[in-house]
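Please take these sequences and the hints and turn them into a complete structure.
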Amino acid sequence: MRTFYGTELANPLMLGTAGYPSPAILSEAFRASGAGVCTVSLRREAAGGAGQDFWALIRELGLPVLPNTAGCHTVKEAVTTAHMAREVFDTLWIKLEVIGHTDTLQPDVFALVEAARVLSEDGFQVFPYTTDDLIVGERLIAAGCEVLMPWGAPIGSGLGLNNEYALRAMRAEFPEVPLVVDAGVGVPSHAARAMELGYDAVLLNTAVAQAGDPVQMARAMALAVEAGRAAFEADPMEPRDMAEPSTPVIGKAFLS
Amino acid sequence: MRTFYGTELANPLMLGTAGYPSPAILSEAFRASGAGVCTVSLRREAAGGAGQDFWALIRELGLPVLPNTAGCHTVKEAVTTAHMAREVFDTLWIKLEVIGHTDTLQPDVFALVEAARVLSEDGFQVFPYTTDDLIVGERLIAAGCEVLMPWGAPIGSGLGLNNEYALRAMRAEFPEVPLVVDAGVGVPSHAARAMELGYDAVLLNTAVAQAGDPVQMARAMALAVEAGRAAFEADPMEPRDMAEPSTPVIGKAFLS
Amino acid sequence: MRTFYGTELANPLMLGTAGYPSPAILSEAFRASGAGVCTVSLRREAAGGAGQDFWALIRELGLPVLPNTAGCHTVKEAVTTAHMAREVFDTLWIKLEVIGHTDTLQPDVFALVEAARVLSEDGFQVFPYTTDDLIVGERLIAAGCEVLMPWGAPIGSGLGLNNEYALRAMRAEFPEVPLVVDAGVGVPSHAARAMELGYDAVLLNTAVAQAGDPVQMARAMALAVEAGRAAFEADPMEPRDMAEPSTPVIGKAFLS
Amino acid sequence: MRTFYGTELANPLMLGTAGYPSPAILSEAFRASGAGVCTVSLRREAAGGAGQDFWALIRELGLPVLPNTAGCHTVKEAVTTAHMAREVFDTLWIKLEVIGHTDTLQPDVFALVEAARVLSEDGFQVFPYTTDDLIVGERLIAAGCEVLMPWGAPIGSGLGLNNEYALRAMRAEFPEVPLVVDAGVGVPSHAARAMELGYDAVLLNTAVAQAGDPVQMARAMALAVEAGRAAFEADPMEPRDMAEPSTPVIGKAFLS
Amino acid sequence: MRITLNGEPRDVTAARLTDLLTELGYGEARVATAVNEEFVAVGNRPEVTLAEGDRLEIVAPMQGG
Amino acid sequence: MRITLNGEPRDVTAARLTDLLTELGYGEARVATAVNEEFVAVGNRPEVTLAEGDRLEIVAPMQGG
Amino acid sequence: MRITLNGEPRDVTAARLTDLLTELGYGEARVATAVNEEFVAVGNRPEVTLAEGDRLEIVAPMQGG
Amino acid sequence: MRITLNGEPRDVTAARLTDLLTELGYGEARVATAVNEEFVAVGNRPEVTLAEGDRLEIVAPMQGG
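In the order they appear, the protein sequences are chains V, L, Z, A, E, G, Y and B. Position one of the first sequence corresponds to residue 1 (the working numbering), numbered consecutively onward. Position one of the second sequence corresponds to residue 1 (the working numbering), numbered consecutively onward. Position one of the third sequence corresponds to residue 1 (the working numbering), numbered consecutively onward. Position one of the fourth sequence corresponds to residue 1 (the working numbering), numbered consecutively onward. Position one of the fifth sequence corresponds to residue 1 (the working numbering), numbered consecutively onward. Position one of the sixth sequence corresponds to residue 1 (the working numbering), numbered consecutively onward. Position one of the seventh sequence corresponds to residue 1 (the working numbering), numbered consecutively onward. Position one of the eighth sequence corresponds to residue 1 (the working numbering), numbered consecutively onward.
No lab work stands behind these hints: they were computed from the structure. Bear in mind the structure is a predicted one, so any value in this text is a computation, not a measurement. Virtual Cβ for every residue (Gly too), placed ideally from N, Cα, C. Don't take each hint at face value.
Stated by the list, open to error - In silico contact screen, one side only, chain B against chain Z (beta carbon under 7 Å); selected entries: (1) Glu37; (2) Val40; (3) Glu57; (4) Gly64; (5) Gly65.
What follows is the structure, encoded as structure tokens:
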């Protein structure tokens, strides 16, 4: 199994910590999901602010923490945020987001590659939130990334895998690189599909946090990624354009 | 939870018994799947033939048995087969197939409704393999069926859900009737999707039996149907056409 | 080219006459569409009612008239309406609709086949509005229909071709029968696609009548069906999963 | 109507000149297509080689000529090729291709933007073959491009529009910029769809040249782009999830 | 007598369908008729007479899809 | 006499279906039977006798989807 | 002196960042700091002093996707 | 001298590009030229002379997509 900078995940699900109805539900959802990673961010803190309790909550999850640079629009912003995250969360991992467009929250692939280079040289282990562009993928790897995280659809849209063709091409192009579908997943069938394509994990947040029952949905997503991976390993049948009887035809009694 | 003629399934997966590499793998696949039902058929038996051992194998699964009328093309054939099945398998359940077309193995809805009527009047509990036609569904219910099993795609094709719109319409039309997607499922994401639509179970065979590793795929399907049902119960988010940040925007540090 | 009960259409487009902003726009839209057929209905008429002017308008179009039995839910209703239509419109053609379901306006295939039989025996030339069910198609042909008109999607939905697989199967199953996609078309690409599949015509109404500019949309639909037919006759390329340079690779100058 | 560097096209179709069965068929196909632009390339020429005759053939088409840099993989190669093209074809227009990947022939967006900058500064009017990435689009415009040509699918694949969502987003993002779907179109319904999305033209080659009857297919594509544009201008109906009778319900006779 | 004309109660005098249509002012209008849900062809109208409570449907060409 | 057993010609002696099944060696096997395309339930086998040319179908549990 | 703390004006006394954090009541809190958009690591805080108008950002763990 | 013409070795006499094109028989042909991967515009051909081992590319209009 491919590892993430040498770390094996307990479960090919990376789950976000934002937008849950309550801290209690967040914790329960994580337990239900068996997520292998939790993603977090940094925000301004007033004296005696909420950040300390949140951090305690996260530590209790006992999971690898993947801090993000959400909302950063420039290389400098992303790099500075990454440094602050490394210190606060005491990890080399960074989910690198350099947003290029406000409506789609798509990455600015130019700034992304540059920031990835700077951070990788500085010893960070970069998880780049990228598009399904193969050339961008190559550049990110050349910049030092050992993981690629193409989007399935815009963050928080729940649209699923907008371009399955491109995601398949990416899997074929980078057979050795751990690949994660990051963003766009709305229901378990989307997550299962990503894994059926041979992806190594799925990163999601809104689909769980905003579900009517986040705990139940967290469990559903955990089952789905496991199902998708198992199917990929089981070598599925090829789809056929014509029907084929499952029940044997020979030996059928003559009754009419 | 909707029941099937009063029976609650341990797991919303109905798994076929045909086309496995070996009886041992069949048994293992069933154990891995935790299937709630196994489907079987009747075929000509020579003295001391294989049927007796097969029956022993099936009994060991300890599952509700759903015999089919696979390969029948007329009402009479299907009805006679159903009677033989009731005697041999000692069950009132019958998966009613009346095939109308050789390439697609689609049901002959006219003969299907008639056979369903005859068998229901005769005390059978009919599981009709039907299309996604709402009116046919109504007729089957009027004929005595308490379950409907629309196809997702042709038997053995693995194409998935060819007409999700129609399957959704069927769920909306028959809120009280247990619905099963029967045939066409090729990978777990198909099965999960069917359950996300609110279906009560998925019936499949080829996707498991013909996978490179049937046991692994059986497990994958079990996880997928559970994931899909959990998602349906969890009230998923609505897809949005625009992105929406999962990480909060407010409180972001100013760093550029 | 396949004919409709011996009639060749000027253009493989059958256009409805309902819901236009004004009679003038209706006429202009028909002229712009070059439609080969216009569909009409019968409604209650007060003395000196609108029906007479409408009829004058339709006659001016100079097109074959295809009256429908829209809104009929029973065999008797449909048959009586067909007789009234034959007298009023002085044609043997009848677009047979026997509606089975209010939300989807899908045909009741049981009543449809029966009504088709009665009318065919009575000398009508039946254009049945049906589903994409192959067996129903066979029954309709056995009942005397020489044309089949499967739906693409529910009437007035504009969803397009909900089950392209089934429509392809229908074309393959009935190579000699004139087939028309009736209902569901929302934009020209839907109409073109139907013709690319080898269909002989497309019947639509709402997509034109309810467009912001019905005349322009009528023209668009005419172009689309012609495009789709031409493509079908031109034997299109097979889609490939990999790219293939259009510009020749050999002879490229060495410049780096 | 948006213009291409001030030039209005006779028809929103840009047609390639490669891979036709014969020069005669090429000419006939172009006449049938009424294409607004023809694309060409440069290749090594032996003394008295075929290039001169080809050029005579192209001149006879009397169309704006759009030379490409097909097969170039570096900025320098593309720029040098562009200069040679400007001299030979006596035009400022250049279809800028900088290929980044051999299997998908996808553009190298990094080299593309750089080459676009160099060429724009040098007075070229660049038609960049790009992806559906919005940020890359912004960069190309900043580099001086006044046209964007995102791919629909890999060159020569005929797969159509692999990511309609992204193409829609691009149209919304650049309301003033002429947009062309370049590559991937296999059948007219693909071309019509691109125009329905509000694109200003479609560029294709293989779908016509490799069709069984290129002339017929050329005509089909011309009709399709016109249909798609007309539909876009006509303001199409909104798709609905439920059916809606086209024939009025009121006034229906009571007959059962 | 009172009949039901296109779903509405209506007092009429003529009994023979042909006369009734004239009375109702349909004259030469292009219409089709049904009495008590049974189609009555133009040719049969002279023989058909209506009675109290009969249901008469008169339809004409109208827009349709 | 000669009957057709599961589609194949077969010479048999016993006429009564119960005896015939024994003769054919089905013993206690879990099978269902049809004679000339009509289902014969276990309970009715003793009353059913076969004649020259009859068609007997004997089926047992088998894999199915 | 007046600085900008997390985007808000704030009058403070201490100049050295370490002292300032204490003065502001962050104590042992798990936070990261940036002065005038430049990251200041924990280890460097003692050497860093702020001047009138400096911009100080103090961030802590928060939910993220 | 020996140069590389469109990727093939070729012995030629003329050194000046204009003369060379004539020697090679391109005459008035509509072609573009590059020497050692650098574009040489028509106007500059008279000033450009080739040396042993130089790489000359001569291209003309060709089909393209």
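Agreement of hint B:Glu37 with chain Z interface, Cβ distance less than 7 Å: Holds - the Cβ of B:Glu37 comes within 7 Å of chain Z, reaching about 5 Å at its closest.
Given hint B:Val40 near chain Z, where the shortest CB pair must fall under 7 Å: violated (12 Å)
Chain Z contact restraint on B:Gly65 - CB to CB distance below 7 Å: With Cβ-Cβ at 3 Å, under 7 Å, it holds.
When the least beta-carbon distance from B:Gly64 to chain Z is tested against 7 Å, hint result: holds (4 Å)
Minimum beta-carbon distance criterion (7 Å), B:Glu57 to chain Z: holds (4 Å)
In this structure, only the earlier hint numbered 2 is contradicted, and the remaining ones agree with it.
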